[in-house]
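For the protein sequence lines, the chains are A and B, in the order given. Just so we're aligned, residue 1 is where the first sequence starts under full-length UniProt numbering, counting upward by one. Just so we're aligned, residue 1 is where the second sequence starts under full-length UniProt numbering, counting upward by one.
Since the hints were made in silico from the structure, they are not lab data. There's no promise every hint is true.
Stated by the list, open to error - SDA-like, lysine to any residue: derived pairs with alpha carbons at most 25 Å apart:
1) B:K344 to A:L229
2) B:K361 to A:S195
3) B:K344 to B:T289
4) B:K361 to A:N218
5) B:K386 to A:F210
6) B:K386 to A:F146
7) B:K344 to A:D204
8) B:K13 to B:E185
9) B:K344 to A:F210
10) B:K318 to B:F297
11) B:K386 to A:K82
12) B:K386 to A:T230
13) A:K142 to B:E185
14) A:K142 to B:K361
15) B:K386 to A:F252
16) B:K361 to A:L70
17) B:K386 to A:N202
18) B:K386 to A:W47
19) B:K361 to A:D204
Said to hold, decoys possible - Beta-carbon label-pair distances, calculated as ranges:
20) B:R391 to A:G123: 26 to 32 Å
21) A:A59 to B:F400: 52 to 58 Å
22) A:T215 to B:S33: 57 to 63 Å
23) A:L52 to B:N414: 45 to 51 Å
24) B:N154 to A:R149: 37 to 43 Å
25) A:W55 to B:G67: 30 to 36 Å
From a predicted model like this one, the values you see are computed outputs, not experimental measurements. Here a beta-carbon is modelled for each residue, glycine too, at the ideal position from N, C-alpha and C.
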Amino acid sequence: MSPTRHTHSHPTQAATISVSANEHLPHKAIHTVHFWLGKRLSTLRQWPISLLLSWLVIAVVISWAFIPGLFTAYDPLTGIGKFKLQPPSWVHLLGTDALGRDVYARIVYGASHSLSGAFVAVGLGLTVGTLLGLFAGSAGRKTDTFIMRLVDVILSIPSLLLSLSIIVILGFGTVTAAIAVGAASIASFARLSRSEVLRVRNTDYVEAAFGSGGTFLNVLWRHVLPNALTSVIALAALQFGTAILALSTLGFLGYGAPPPTPEWGLLIAEGRNYLARAWWLTTAPGIVVIMVVISANRISHALSERRS
Amino acid sequence: MTDAAKLPVLDIKGLTIGYREKDNLTRVVHDVSFHINAGEVVALVGESGSGKTTTAQTIIGLLADNGQLEHGSVILNRTDISLWSQKQLASIRGAVVSLVPQDPGSSLNPVQTIGTQVSEIFRIHNRGSRQIIKAEVLALLERVGLSQPELRYNQYPHELSGGMRQRVLIAMAIALKPLLIIADEPTSALDVTVQRHILDLIDDLRKEVGTSILLVTHDLGVAADRADRIVVMRNGQIVEQGLTENILKSPASEYTHQLLTDAPSLTSDKKRISLSKQQPTHPAIDIVTVKNLSHTFPSHGAAQPFRAVDDISFSVRKGTTHAIVGESGSGKTTTLRAILGFLKPSQGDILIRGTNLSTLKGEELRQQRRHIQLVYQNPYSSLDPKQIIFRAIEEPLLNFTLFNTQERADRVYNMLQRVGLSPSTAERLPRALSGGQRQRVAIARALILEPDILVLDEAVSALDVTVQAQILELLGKLQQAYGLTYIFVSHDLAVVRQIADTVSVMHHGRQVEIGRVEDIFTNPQTDYTRELINAIPGKRRFNSVQDNFIAA
Chain A
1 MSPTRHTHSH PTQAATISVS ANEHLPHKAI HTVHFWLGKR LSTLRQWPIS
51 LLLSWLVIAV VISWAFIPGL FTAYDPLTGI GKFKLQPPSW VHLLGTDALG
101 RDVYARIVYG ASHSLSGAFV AVGLGLTVGT LLGLFAGSAG RKTDTFIMRL
151 VDVILSIPSL LLSLSIIVIL GFGTVTAAIA VGAASIASFA RLSRSEVLRV
201 RNTDYVEAAF GSGGTFLNVL WRHVLPNALT SVIALAALQF GTAILALSTL
251 GFLGYGAPPP TPEWGLLIAE GRNYLARAWW LTTAPGIVVI MVVISANRIS
301 HALSERRS
Chain B
1 MTDAAKLPVL DIKGLTIGYR EKDNLTRVVH DVSFHINAGE VVALVGESGS
51 GKTTTAQTII GLLADNGQLE HGSVILNRTD ISLWSQKQLA SIRGAVVSLV
101 PQDPGSSLNP VQTIGTQVSE IFRIHNRGSR QIIKAEVLAL LERVGLSQPE
151 LRYNQYPHEL SGGMRQRVLI AMAIALKPLL IIADEPTSAL DVTVQRHILD
201 LIDDLRKEVG TSILLVTHDL GVAADRADRI VVMRNGQIVE QGLTENILKS
251 PASEYTHQLL TDAPSLTSDK KRISLSKQQP THPAIDIVTV KNLSHTFPSH
301 GAAQPFRAVD DISFSVRKGT THAIVGESGS GKTTTLRAIL GFLKPSQGDI
351 LIRGTNLSTL KGEELRQQRR HIQLVYQNPY SSLDPKQIIF RAIEEPLLNF
401 TLFNTQERAD RVYNMLQRVG LSPSTAERLP RALSGGQRQR VAIARALILE
451 PDILVLDEAV SALDVTVQAQ ILELLGKLQQ AYGLTYIFVS HDLAVVRQIA
501 DTVSVMHHGR QVEIGRVEDI FTNPQTDYTR ELINAIPGKR RFNSVQDNFI
551 AA
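Extracted from the complex, chain B is given alone in its bound form:
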């Protein structure tokens, strides 16, 4: 080993960053110091607002215009670059340090071909003639696992899937074999199985090229799998840092311990939230029955008719939780919309509380909605931005003209309390609430009609792990209190394992497997289910650490 290899590739010392707004400066990163050695993977873990992205942006000199580096230094390869101009930084971006951005959907230019965009980085840094560059780009596309690189070279971003686009972005990041790659949540917009392939790819490339990686993520599972060392951030400060094994086995701080407890992928089956263990107090009634459900979307122009759901059958017992699991495009949303009566399926029957949905129309269907309610995936879009929380929760009661004004108000405040929100929340607008609070409002709104069935469409996937754990716990409590039946749609098997009693696994519109959660997880029958389970991040180290952690 030479001297250079011993020195850290990146050394951050006392980094303090604030955002200027009008006259005041809000400090978002306080005195952050850590380093990355050559060939090392360091994970920067934290919730939204913890300052991890700001830190990562500063390293590559892409801090927003109103961001300000107050003090501290960023030493990259023995040179302090914290005071460099944009022009100076441009010379090292891509060549010495590069970035894999978060959202592959918006990070590529939609009007340029993949080939043009990948070769741009070679052209910017003046690497070779046109022919040489093209050959290099093709080799690179092949290296990141894209089939038919010649074809991809001339395609536009919209012709590629999310996973393929992320591969293109990785190709751009590794093109000049930089010393350091910053991967900012590189997989959080992707399905679990794709996520695993992408992370494997980054791992392989690191081994091959010897690049160091700074992995910015909110998912402790991903960090546990991939990183040599973990840096945990909260409120702009480093809570603790250390070797991955040590952090997982014996977290020094309360906060890391909390994160580990809350991360569904790192908890074992023993910590189940669902309470249907003591069931069935009610005789086993199937409250929801789906029989041979199929739905085909008609063709538009030249496109073929698309069969989104293909012969799905399952039933849910009263008071239990049934999960529908699948990746994007598996038909789970279509199934859910059919159950809610938002969409008329082409074939099959849906029975809810013994009523066949296909026989209902207009007013009858509206009355049916009193018994089945939906909680949306995104708490930011499912609440009217102009409606105060009180009105939002009261609205369902108004729709069915239930109770008088005073009684309605009582019920709203009562419900606010049940979902763990203070009465003062009632007068606020949604934008004044956090994601977790909004999702509580959405749940309150769904429950005010006292429905029997609650359909949860990825209801926790947009939330931070700690908040996610709180919402799951709330759902558990409410299920116990009201004897609710949940239909829980999710792509996250780790969460499903915690909350569901039965599960159906969907793949390309078909139901590949159905059964009790324990059975599916311990003894999956199909390759696809096995692949899904193996893709849950945190598995690798978890198995060895699990017992220690549970004992602790």
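Next comes chain A alone, as it looks inside the complex:
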């Protein structure tokens, strides 16, 4: 029920409205939007609190990525030496690190690095994996066997090891780390989308589409893909959390962005040396990562619930 649907109404309806009274039109439109908003708000109120919180966490983190300046006045890269390793206080919400940089500012500015990395990773896995699965599930038996055995081989390699090998080949950096994480998730996307494609392919409506003269690609595009995609989207949300974790792991191991980039994994790694003296250096970015991952999981769960 989007408000745009109302503007696309049937030609005869539009005609009768304009005949009846022109000045009614804007009023009616406002009324519709109002109605729509009200409806949305009331459905929002029925949401479980955990889901609301999860969306809130994701929204905050995304705002950090786009407008970090709004959330902190400190510079994430330059610090003041005499304020080094200060514990959390009202001046520095999450304390400062060994170079006197504000940890909260570094987390806020780091969001863009971690999130964009995760988006690239999920985007890559989703696109390539879904296409592979779609192809395997709809093309002939030999193609299917070939692709899926390849996927099995990829699945048998631990994903972190796979990501590390890809980074070693492509070189270090934020983008290559994202590609490496994405590539490791292709296999699971391919698996899920193939099974969904197989399920949809056996439905009556797909046969009916062929029966009404649909060509192979037509049917694939109009029926198989949209119906197979719902659970793949739920997996994408789940993978988003996993990707952030994997990127942080790579950052922690030193395979991601180089210092002084305020990437979350790197923040945790850098704080490790001061674990005994300054707990906040590892704990603060750690909790942020955990919260984002849990929120992504919760949202993914809600998406797959809505499907059934």
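Fit chain B to the known structure of chain A by using the hints.
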């Protein structure tokens, strides 16, 4: 007779039930009262959504969790059980009141043997030792007509046919000789001949044990055959109740009268929907010819190759309706798929409008589909859940790149009107429509290409009788308007009698009989056809009531 026999076994008074969803309560059963005497069969008849199943569930205390008994009482054997706890109810379930569920396919535990499942009811109610129970179960299995009870005892549900599973469920229901058996659509998932045997069995057992039966059904034919009294429900209310003869002869309410008119099994040959009486205006052209069609499915592993269709031949004249009749496994679906070109038959030829299907490949076969279209059995699965109705009906035109956008839209709205749907339906998703509406959409989608031939695969069997009658009438009108040829696949002879001109009867892949509908019905040549015709429910009382009813 003792005093107890005079009192009703079950007495329902002012039953009102609602389903709670979030904060609001939707009432689905309003003030329902009826009773069942000892040894009596009472049929609860109604369409889907009439509240008959909810009523039956309440009696045995199996109402869904969000269901709520608002008021009313369920007096079973002089005790009001409407407020009993689940624990109390468990003590009478099986022993005093038992249930024969609707779907034998899903009502048995697939990982337990038949023996274990049937003996469970004895164990729950602590009836005897292991050996005694086993002997009782074997006797019971034999009683319900299962051959080789020793073998069945150790088999799993998947090794049994649908009819046999239903017999097992009946065995469980009668095991402790309850006072009342609730049979919730006990045969609607079964073939007609099996259906008759199962209903006969229930009848015999009733006579033998003296149990009362509450038969929940949508099929007035079944109710007419089996019940002493009929209770007709609609929208959660009782429309009327009374002795079966009285209801059939002189229904008091408009709705019951409608049901009687719509039930194909209760209507006579006089009310035929087909219009090919005025044919042939066209010279007699055979638009579809099937010659010596056979199909064998290759073997998988140890299994033998399966001959699904064995040497079938028939031809259909333009503008007429040919029915293919048979039970499940008779090969009718395979035949139909071969005619549509979804499957390449191992042997034989299919000529459609003079073109031999086996010569067509790829693009030619696709072009052929403009002339022959299929309407599926299940309107719930044959429409894409993500596609709005407009797109669903428009799609065939897009596939053949016919017309421009505006013209396509005009045709879709025009077609919606032809099949009796309002233009506002176009923007909806399939899930917002009822079964009958969906089947209209499926028909519209099939007809938008203006095909010559429409293949209907059990196209009305998933629908309520009233809706079924409407769809059949629509099909009749469309046939007249467009000169369509129908190939109508069905297991329901009563419907076939109404709509078809010619019919072929299939049994185990063979065509046992072919001919004009009148001839087949009045003078069947084979035992199998005779058995099929006799199995049509509603026959028993129908013959005596028929004339009165037609006169009315």
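For each hint, the structure was consulted:
1. B:K344 to A:L229: Not OK: K344 of chain B and L229 of chain A at ~32 Å, beyond 25 Å, violated.
2. B:K361 to A:S195: Judged against 25 Å, a Cα distance of about 29 Å means the pair is violated.
3. B:K344 to B:T289: 16 Å, holds
4. B:K361 to A:N218: 18 Å, holds
5. B:K386 to A:F210: It holds: about 17 Å lies between the C-alpha atoms, which stays within 25 Å.
6. B:K386 to A:F146: Violated, at roughly 31 Å.
7. B:K344 to A:D204: Holds. K344 of chain B to D204 of chain A sits at ~19 Å (cutoff 25 Å).
8. B:K13 to B:E185: Distance of about 23 Å is within 25 Å: holds.
9. B:K344 to A:F210: 15 Å, holds
10. B:K318 to B:F297: Answer violated: K318 of chain B to F297 of chain B is near 31 Å, above 25 Å.
11. B:K386 to A:K82: Judged against 25 Å, a Cα distance of about 62 Å means the pair is violated.
12. B:K386 to A:T230: This hinted pair holds, its Cα atoms lying about 11 Å apart.
13. A:K142 to B:E185: Given that 25 Å is the threshold and the Cα spacing comes to 46 Å, the pair is violated.
14. A:K142 to B:K361: 22 Å, holds
15. B:K386 to A:F252: 44 Å, violated
16. B:K361 to A:L70: 65 Å, violated
17. B:K386 to A:N202: 16 Å, holds
18. B:K386 to A:W47: Holds - the C-alpha atoms of W47 of chain A and K386 of chain B are around 24 Å apart, at most 25 Å.
19. B:K361 to A:D204: 22 Å, holds
20. B:R391 to A:G123: 26 to 32 Å: The hinted range 26 to 32 Å holds for R391 of chain B and G123 of chain A, with Cβ atoms some 28 Å apart.
21. A:A59 to B:F400: 52 to 58 Å: 47 Å, violated
22. A:T215 to B:S33: 57 to 63 Å: Since T215 of chain A and S33 of chain B have Cβ atoms about 60 Å apart, the given range 57 to 63 Å holds.
23. A:L52 to B:N414: 45 to 51 Å: With Cβ atoms ~47 Å apart, the hint holds.
24. B:N154 to A:R149: 37 to 43 Å: 40 Å, holds
25. A:W55 to B:G67: 30 to 36 Å: Holds - the Cβ-Cβ distance for W55 of chain A and G67 of chain B, about 34 Å, lies within 30 to 36 Å.
In this structure, the hints that do not hold are numbers 1, 2, 6, 10, 11, 13, 15, 16, 21, in rising order.
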